[in-house]
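Engineer: With the hints as extra help, turn the sequences into a complete structure.
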Amino acid sequence: MGRLAVILPVLLIAAVAVADIEEPRVDSILVTGPLPVSAGKLLDGSGLERGVSLLRITPVQVTDWLTANLESLGYLDAEVYVQWPLWDDEVNIVRVEVEPGLRSLLSGLVFEGATVFPADSMAGLYPRSPGEPITPEDTITFRNSILSLYDRRGFVYTDVDMELMSLQDTSGTSAYRALLCHIEEDRQAFLDTVTVRGLDTVRRKVVTRELLLQPGDSLDMELLRQSVSNIYALGLFQEVRFDYTPHADDSSLVDLSISVTESDYRRVDLGTGYVSPSAVFGSVSWMHPNIMGNNQRLTIGIYMLEYVGSREGRQIEPQVIYEEPWLFSSRWRWQLKLGYLYISTPGIRQRSYSLTSTFARQLTENLLFSAGYSLEYEKYNEWVDEAFTSYDWRTTSSISATLIHDTRSPFLDPVRGHWMMGEAKLSGGLLGGNDYYRLRSEARLFLPLSGDFVLAGRTRLGGAFPYGDDESVPPDDRFFLGGGTTVRGYPFNSLGPEDDEGNPIGGRVEALGNLEVRVRVAGNFGVVLFADAGGVWRYLDEVSLDTSGFGIGAGLRYHTVFGPIRLDYGFAPTWRNSLERGRIYIGIGHVF
Numbered sequence: 001m002g003r004l005a006v007i008l009p010v011l012l013i014a015a016v017a018v019a020d021i022e023e024p025r026v027d028s029i030l031v032t033g034p035l036p037v038s039a040g041k042l043l044d045g046s047g048l049e050r051g052v053s054l055l056r057i058t059p060v061q062v063t064d065w066l067t068a069n070l071e072s073l074g075y076l077d078a079e080v081y082v083q084w085p086l087w088d089d090e091v092n093i094v095r096v097e098v099e100p101g102l103r104s105l106l107s108g109l110v111f112e113g114a115t116v117f118p119a120d121s122m123a124g125l126y127p128r129s130p131g132e133p134i135t136p137e138d139t140i141t142f143r144n145s146i147l148s149l150y151d152r153r154g155f156v157y158t159d160v161d162m163e164l165m166s167l168q169d170t171s172g173t174s175a176y177r178a179l180l181c182h183i184e185e186d187r188q189a190f191l192d193t194v195t196v197r198g199l200d201t202v203r204r205k206v207v208t209r210e211l212l213l214q215p216g217d218s219l220d221m222e223l224l225r226q227s228v229s230n231i232y233a234l235g236l237f238q239e240v241r242f243d244y245t246p247h248a249d250d251s252s253l254v255d256l257s258i259s260v261t262e263s264d265y266r267r268v269d270l271g272t273g274y275v276s277p278s279a280v281f282g283s284v285s286w287m288h289p290n291i292m293g294n295n296q297r298l299t300i301g302i303y304m305l306e307y308v309g310s311r312e313g314r315q316i317e318p319q320v321i322y323e324e325p326w327l328f329s330s331r332w333r334w335q336l337k338l339g340y341l342y343i344s345t346p347g348i349r350q351r352s353y354s355l356t357s358t359f360a361r362q363l364t365e366n367l368l369f370s371a372g373y374s375l376e377y378e379k380y381n382e383w384v385d386e387a388f389t390s391y392d393w394r395t396t397s398s399i400s401a402t403l404i405h406d407t408r409s410p411f412l413d414p415v416r417g418h419w420m421m422g423e424a425k426l427s428g429g430l431l432g433g434n435d436y437y438r439l440r441s442e443a444r445l446f447l448p449l450s451g452d453f454v455l456a457g458r459t460r461l462g463g464a465f466p467y468g469d470d471e472s473v474p475p476d477d478r479f480f481l482g483g484g485t486t487v488r489g490y491p492f493n494s495l496g497p498e499d500d501e502g503n504p505i506g507g508r509v510e511a512l513g514n515l516e517v518r519v520r521v522a523g524n525f526g527v528v529l530f531a532d533a534g535g536v537w538r539y540l541d542e543v544s545l546d547t548s549g550f551g552i553g554a555g556l557r558y559h560t561v562f563g564p565i566r567l568d569y570g571f572a573p574t575w576r577n578s579l580e581r582g583r584i585y586i587g588i589g590h591v592f
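In the numbering used here, the protein residues as written are 1 to 592.
Do not take every clue at face value.
What the hints assert, rightly or not - The calculated lysine-lysine pairs, modelled on DSBU-like cross-linking and capped at a C-alpha distance of 35 Å, are: (1) 379 - 425; (2) 337 - 379; (3) 337 - 205.
Calculated from the structure, these hints are not laboratory results.
Structural biologist: Structure, rendered in structure tokens:
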């Protein structure tokens, strides 16, 4: 105990003394040698700078980083020497000596052992052109591209070695070199059997039908990875892994093993939101995506929209949806929806019961086609000749078709690609009920101007017109504009035809255009500048810029894994005191 009483004060004094010692810091950096770039660019990213603690970086780290910086410029034989200051130096000077050597420029590509693919097709995978610098990053990218090419044919055991050949045509500070690609193609692998492990409530064919490979096909690794992505997208599994094992007696045949872990896939979704200062919504739904073990989905839910302020009213939409993902074991998806619609606002009254059957198929990776039949039993009012006309209960049959081409990437926060849609609907006629047709098209385009700037645009056109002896179009097939997702700066659904008290009643012709400049400022934060324009009219001959709406403004974005959270302020510049009369909009996801 006595010794401990002596040791503890000594340790305490030593600790205080060490704490009082100031960390040695870099006072100066001296870089010598025939530098191909400025000293600042050479040191970029190395952590070596004036004032940094000598205890937080090492000479080895600095040497490796500077060598990598020189190699990224094509100086593959560069040598870097770093001299660290001594502990007793009064001035801490870090000395760096650089011998860059000759800059390696690509003279050509040489392939050895390649029999499956022609040399020209593989040479096109190299990310640079002859005469440009050779860098380790480009070489690694090139090797991976060749391996991926062989993977697509099932040559999963292929190996590729890259080797720089001797310097040629040396002149000044650079020299040309050829890149030798030695390829060991080995054997081609073919799929034999498929085993699925880990299933409990899900049937085996739910997994195997998502495979893009069949027994006897070459083991295309790209298709295999896409198959795993398809299995994840079912929403039934929290983990999906695959492994392949060659046959002992025939190594060209492989057995594929897929291991899955089922998730608790039944769920209840609750939602609420703010559409505009004059409307809020709420929703609740229960979904079972595997009601018979075969990925059939059953969804029961209700959506409610409540108008507040001067436009009191509500919209209620309960519905039951059944989905069959593989109709008759084909890639056609079938959906049956039973719904009810209730709309009550100062300008619109509508009630309807509906039964809708829809068939959809992914024709290509980016092209989706759907067609449907709907049976509706409805009643509603129509503002005609300065007065409301009521249409009592009628049964109307409709057929519709939709075509969508989607190349957006990434899906929830696109920076490139497009989304285009064309839709047609025919009601009544030989089908019975209200005689009218509806046409609608929309195009969205996303252009990356730079790493942080994206130009996004949208145009939308639509028309719904009666034919034959009918003169009305039901309210749920009319068009409405105005608010946080269409023309910002205007009240929700306020553009277009009105009744005698100024209440929106919807129109038969629609035109909308939006333009946004989206900028990432720092990290997940971004800003948006936008301009919106659009209008809704009762007849084609009423279309005019004078009755259109125009809004501009700016917004903030916080980007998350489920899309950006947005806060927009929009106003109509043609209004008197427009800035004061602008509106704030809050939502999740981009406007388009």
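Engineer: With reference to the structure, classify each hint as holding or not holding.
Structural biologist: Quick rundown of the hints versus the structure:
Straight-line distance between C-alpha atoms of residue 379 and residue 425 comes to about 19 Å, which keeps the hinted pair within the 35 Å bound. With a C-alpha separation of about 20 Å, the suggested pairing of residue 337 with residue 379 holds against the 35 Å cut-off. Using a Cα cut-off of 35 Å, the hinted pair residue 337 and residue 205 holds, with the two alpha carbons roughly 25 Å apart.
Of the numbered hints listed earlier, not one is contradicted by the structure.
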